[in-house]
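Engineer: Each chain, written out:
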Amino acid sequence: MDIITQANDVAVRRMLTGDPALVDVVPAIEAIDGLKDRMILHAGPPVAWNDMCGPMRGAVTGIAVFEGWAENLADAEEQADTGAFEFHPNHHFDAVGPMTGMTSMSQPVMVVENRAFGNRAFCTINEGLGKVMRFGGNDLEVLDRLRWLRGSFGPAFGRALRHIGGLALKDLIARGLTMGDEMHQRNVACSSLTLRALAPAFAATSDDNDALSRALAFIGGNDQFFLNIAMAMGKSIMDPVRDIEGSSVVTAMSRNGTEFGIRVSGTGDQWFTAPVEMPEGLYFPGFTSDDANPDMGDSTIVETIGLGGFAMAASPAVAGFVGAGTATEAAATTHAMAEIVHTENPEWTIPSLDYRGVPTGIDVRYVVETGLAPTINTGIAHKDPGVGQVGAGVVRAPLACFEQAVRALAVRLGIA
Amino acid sequence: MSSNALKKLLAEPPKVVNVGLRGFADDLVARGVETVHVDWSPPAGGDPELADLIAKLDT
Numbered sequence: 001m002d003i004i005t006q007a008n009d010v011a012v013r014r015m016l017t018g019d020p021a022l023v024d025v026v027p028a029i030e031a032i033d034g035l036k037d038r039m040i041l042h043a044g045p046p047v048a049w050n051d052m053c054g055p056m057r058g059a060v061t062g063i064a065v066f067e068g069w070a071e072n073l074a075d076a077e078e079q080a081d082t083g084a085f086e087f088h089p090n091h092h093f094d095a096v097g098p099m100t101g102m103t104s105m106s107q108p109v110m111v112v113e114n115r116a117f118g119n120r121a122f123c124t125i126n127e128g129l130g131k132v133m134r135f136g137g138n139d140l141e142v143l144d145r146l147r148w149l150r151g152s153f154g155p156a157f158g159r160a161l162r163h164i165g166g167l168a169l170k171d172l173i174a175r176g177l178t179m180g181d182e183m184h185q186r187n188v189a190c191s192s193l194t195l196r197a198l199a200p201a202f203a204a205t206s207d208d209n210d211a212l213s214r215a216l217a218f219i220g221g222n223d224q225f226f227l228n229i230a231m232a233m234g235k236s237i238m239d240p241v242r243d244i245e246g247s248s249v250v251t252a253m254s255r256n257g258t259e260f261g262i263r264v265s266g267t268g269d270q271w272f273t274a275p276v277e278m279p280e281g282l283y284f285p286g287f288t289s290d291d292a293n294p295d296m297g298d299s300t301i302v303e304t305i306g307l308g309g310f311a312m313a314a315s316p317a318v319a320g321f322v323g324a325g326t327a328t329e330a331a332a333t334t335h336a337m338a339e340i341v342h343t344e345n346p347e348w349t350i351p352s353l354d355y356r357g358v359p360t361g362i363d364v365r366y367v368v369e370t371g372l373a374p375t376i377n378t379g380i381a382h383k384d385p386g387v388g389q390v391g392a393g394v395v396r397a398p399l400a401c402f403e404q405a406v407r408a409l410a411v412r413l414g415i416a
Numbered sequence: 001m002s003s004n005a006l007k008k009l010l011a012e013p014p015k016v017v018n019v020g021l022r023g024f025a026d027d028l029v030a031r032g033v034e035t036v037h038v039d040w041s042p043p044a045g046g047d048p049e050l051a052d053l054i055a056k057l058d059t
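Chains A and B supply the protein sequences, listed in that same order.
Under my numbering, the residues of the first sequence are numbered 1 to 416, in order.
Under my numbering, the residues of the second sequence are numbered 1 to 59, in order.
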């Protein structure tokens, strides 16, 4: 239909003309309209406390202690049982969060501004590897790290960004793709480029050498530091694509550990959900698929803009890490994803594919017609609260989400 | 097809294009038959109602 083609042209033009920059780090309560005391934002489509998976419940109890709403984890759980906390998806508040995706009032959030459209998107700071809250970790080590991020690193990060007038992200992504990142499970290059750009500004705005040293070591020691920046960038790019009448382009894909949800431009902010699938991948020593939690996190916003699994060909290293096969198979994944999108991104190209652009603008019609579900690179959390990451793998978005979206779009357009 | 072409086809080893289920292609490759596999499945997974809807949205 012409109306769909034209609407999708508008949608991808907005995606491609987006101009995201990381501009600041501020407490979530100052950045996010509507966020308030005892409100917890989580990854994925809406989910009630009783339906949350183990890691999500573990993170909720941990964040309640961190915010001072509960004395300990048991107290937090009791309060959650009695409805003491308000839960909402990050996506309803211009935000995204990895894995469990906890966002609460006093956490520092990174601010990405899409300078072409003036909108802002938010994401918390990546905590690093090991036992962390995004994988459901909630012990003293986890909470102490969050306190350091809130009290020391976050403010220093914000000062550095303001000092340089923000960090433009589009070109940085383009360079990262040529250096082997796909920005979901591999962010080594972009994390390093970010550190290179920001280290002088951290130094210029610090009067405490010990704090400076720890801050720089924290970034330098975390290969996935850039992931949360890429996520906020993705959200800032996709939000201006919402609500284009007739468009069949996906504006968000997200999982809460229980359900997978997508939103489509031409159907507004309605979620189309289906039970989330289990990732297939490789496990850290001592863990097996019996330990794994179903897929989780807002990080699929990265695939929504054509990176992650869609850019697998740029990152043969990650294909091995997530158990997705050889470099040839990585290229095949990107070629397959090119069949379910509206266009390619001429500015984000993949050298090994003769500089073909990453697949851009997932079209729900093409997903349903071909049966090719979006491929997602993901971390795997332990199914029990408080344990953390146990592996990494690949997961497919459930086709049922896209089938529902096609039917809803047809109703909107008066043909069903 | 001319009779010469037909004779040639039957005399030479087969060259196969397999459409759909990969298992058929894998079996032939395992037997040393020159095979090209085409990844294909019915539109909308073979669901006629959904395929009809997609056709309307595509045209």
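Heads up, some of the hints might be wrong.
As the list claims (entries may be wrong) - Here are the in silico distance ranges between beta carbons for each label pair:
1. Ser41/B x Gly414/A: 27 to 33 Å
2. Val19/B x His92/A: 57 to 63 Å
3. Asp243/A x Val29/B: 47 to 53 Å
By construction, these hints were calculated from the structure, which means they are not laboratory data.
Think of the CB as a built atom: it goes at the ideal place given N, C-alpha and C, for glycine as much as any other residue.
Engineer: Output the indices of the hints that this structure fails to meet, ascending.
Structural biologist: Number 2 - this is the single hint that the structure violates.
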